[in-house]
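Protein chains: 2
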Amino acid sequence: MSFLHDRLSIEKPIIQAGMAGGITTPELVSAIANTGALGTLGAGYMGASQLKEDIHKVKQLTDKPFAVNLFAVNLESYSNEIGNMQRFLNRFRNNLGIDAGADFVKVNDYLQEKIHVILEENIRVVSTAFGVLPASLVERLKENDVLLIGMATNLDEARELEESGYDAVVAQGYEAGGHRGTFDVGKYPNGSNIGLHVLLEEFLDHLEIPVVAAGGIHHKKQVDALLAMGAEAVQIGTRFLIAKEAGTNAAYRRALLKADTNSTKITKVFSGRPARAIRNKFVKEVEGSGLTPLPFPIQNQMTKDIRGAGKEFAIADMQSLWAGQGVGAIQEEETAVEIVESLTGNVNITEA
Amino acid sequence: MSFLHDRLSIEKPIIQAGMAGGITTPELVSAIANTGALGTLGAGYMGASQLKEDIHKVKQLTDKPFAVNLFAVNLESYSNEIGNMQRFLNRFRNNLGIDAGADFVKVNDYLQEKIHVILEENIRVVSTAFGVLPASLVERLKENDVLLIGMATNLDEARELEESGYDAVVAQGYEAGGHRGTFDVGKYPNGSNIGLHVLLEEFLDHLEIPVVAAGGIHHKKQVDALLAMGAEAVQIGTRFLIAKEAGTNAAYRRALLKADTNSTKITKVFSGRPARAIRNKFVKEVEGSGLTPLPFPIQNQMTKDIRGAGKEFAIADMQSLWAGQGVGAIQEEETAVEIVESLTGNVNITEA
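Protein chains in written order, with my numbering: chain H, 4 to 355; chain V, 4 to 355.
Mixed in with the good hints there might be a few duds.
Same chains, same names: a pair is fine if it fits in one copy or spans any two.
In silico DSS-like pairs for lysine-lysine, Cα to Cα no more than 30 Å straight-line [said to hold, decoys possible]: (1) Lys145 with Lys223; (2) Lys314 with Lys268; (3) Lys223 with Lys109; (4) Lys284 with Lys145; (5) Lys109 with Lys261; (6) Lys190 with Lys261; (7) Lys224 with Lys284; (8) Lys287 with Lys190; (9) Lys60 with Lys224; (10) Lys223 with Lys307; (11) Lys284 with Lys223; (12) Lys224 with Lys62; (13) Lys55 with Lys268; (14) Lys145 with Lys247; (15) Lys60 with Lys284; (16) Lys287 with Lys145.
Just so you know, the hints here were simulated from the structure itself, not pulled from any lab data. Nothing here was measured: the structure is a model prediction, and the numbers come from that model.
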């Protein structure tokens, strides 16, 4: 029936989104894997040794397969033309009592090393965002029987993934929390933002490979409807943010529980790439400054210490509170098992 | 089963959206009514005598019930502080060879007169956008057994409609073409923009009255999925724009057939209210001017002659090319009967 079942014996048509930044703890990923759904280590900004460590921890907690999520772009970058934004951000640093920002920014990339770890550790699924992995890496992964899932925000991107040998495509609707997966942010500065039920239908009509639905999904009725339309699975981010096993900090959790359906917006202030987050003081003030965020990942690196202090000091206003539009329906913390059950009932892929 | 069937003997769970501006010809409305779906005269900017005339024409072509769509706001307005925008718009007028704009704008409102016509003509359904009709009008309509359907873009608006005595709510998703129905554009300057499958689920979870799904719907699989989620009907705009019976002009039709899923955006340049249209030269240049559109309906009145010339001279670049995100899937002109059949197959409400 489903590629997830046939290739990986996954029982539940649920993929946990590969949220980066400490959310996807080994406890979360393994708890989801143990329900029969597909858990994902969000390894976007991670170094290779951290990834290896996390993989080992997950393996201690489950013998089910799980995915590793990567950014399919080269993060390597450097800039010393950051003055105006850095000066503006120093106001926040000053209020937080942390050091002023440097006058240059450097970001390292560990993609090759992480691919090495993934192959060494015999990981069965790699999912990617922001583009298509280089052909040489796609080839290496496929030679090693790794299933490749790519995220797309429009049909051109989806076709590119299909033609590059990806095994499945995630249709990321406008409703989704966190970064827009849009490949070319030059062409779509605010992201390619198509409502999920239009995007899903378009992908189903034009692609040969399986399609996974993502964005704003929080209720079993939505899951049933999307699977009935032809999606092979759904990808869930926001609801797992509030899972008891997730690495989400307390201030962020409170913001998620408080948010309503209109609390989020797509903004570039945190990373330089359009991403959906709960509106807070940081969003309001940086957008209100009239300054243009630096390109990804420069802006991301520049705001990292501020966001880190926001977490440490439990200040939601100084964090990137990624969330999808489904956040309004989330009323309580639950375990990963409870979340998967509430979304699928007792239905397994093979019975669906 | 359905309020449309029980109250009006409507057989198909399809409501044709009340598109204003000459689209909803009596031929279109009656053809849709004769399929067993609910046709709608878009009477937003219409005068009362025009409405009466159109109603008479529809009645000559069908004995089925049909709806009249109104704006639930007072259009009456006047402004003589329009100089910068008017001067900018004069460039377009100059290119089109039409007269320069006046230095003031006046808009008349005919809502009371249209309500009078509606009651006189024994119209069975009134649908509204942009707010809630004044309590006195709601009362008069309900005393006369008129079914009231209001459009909402968030839960607060939907609750306001429900509490005011409306009989059903249309959940207008972010994907929808034309004007955002958002009540308070001071609070939501670009509209309240929630993806349909999130908005529908939220309305179903919190409202007692029936919910109609709208926005980006163009395919039977979507209709089936939305009805299965609990929508009582779906509202369709864009696909009916291209119906052979619609009043859509030839240049607009060509633009609809050419557009893809990413061709539209939400913009205030045509009317001063956020609305989804196909990007064209007018959108690009007015947005690029840095000038803020005047409030609705002043901006609408100011651009009216330009849009009129665009229609007359078959210039798509000078028209408001309203369209939803489903426009990418529209490949050919069809009759209203073909459109309703392709969306519902042979399924009637009572069998659904």
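Run through the hints listed earlier and report the numbers of any the structure violates, in increasing order. Numbers 1, 3, 4, 5, 7, 9, 10, 11, 12, 13, 14, 15 and 16, in rising order.
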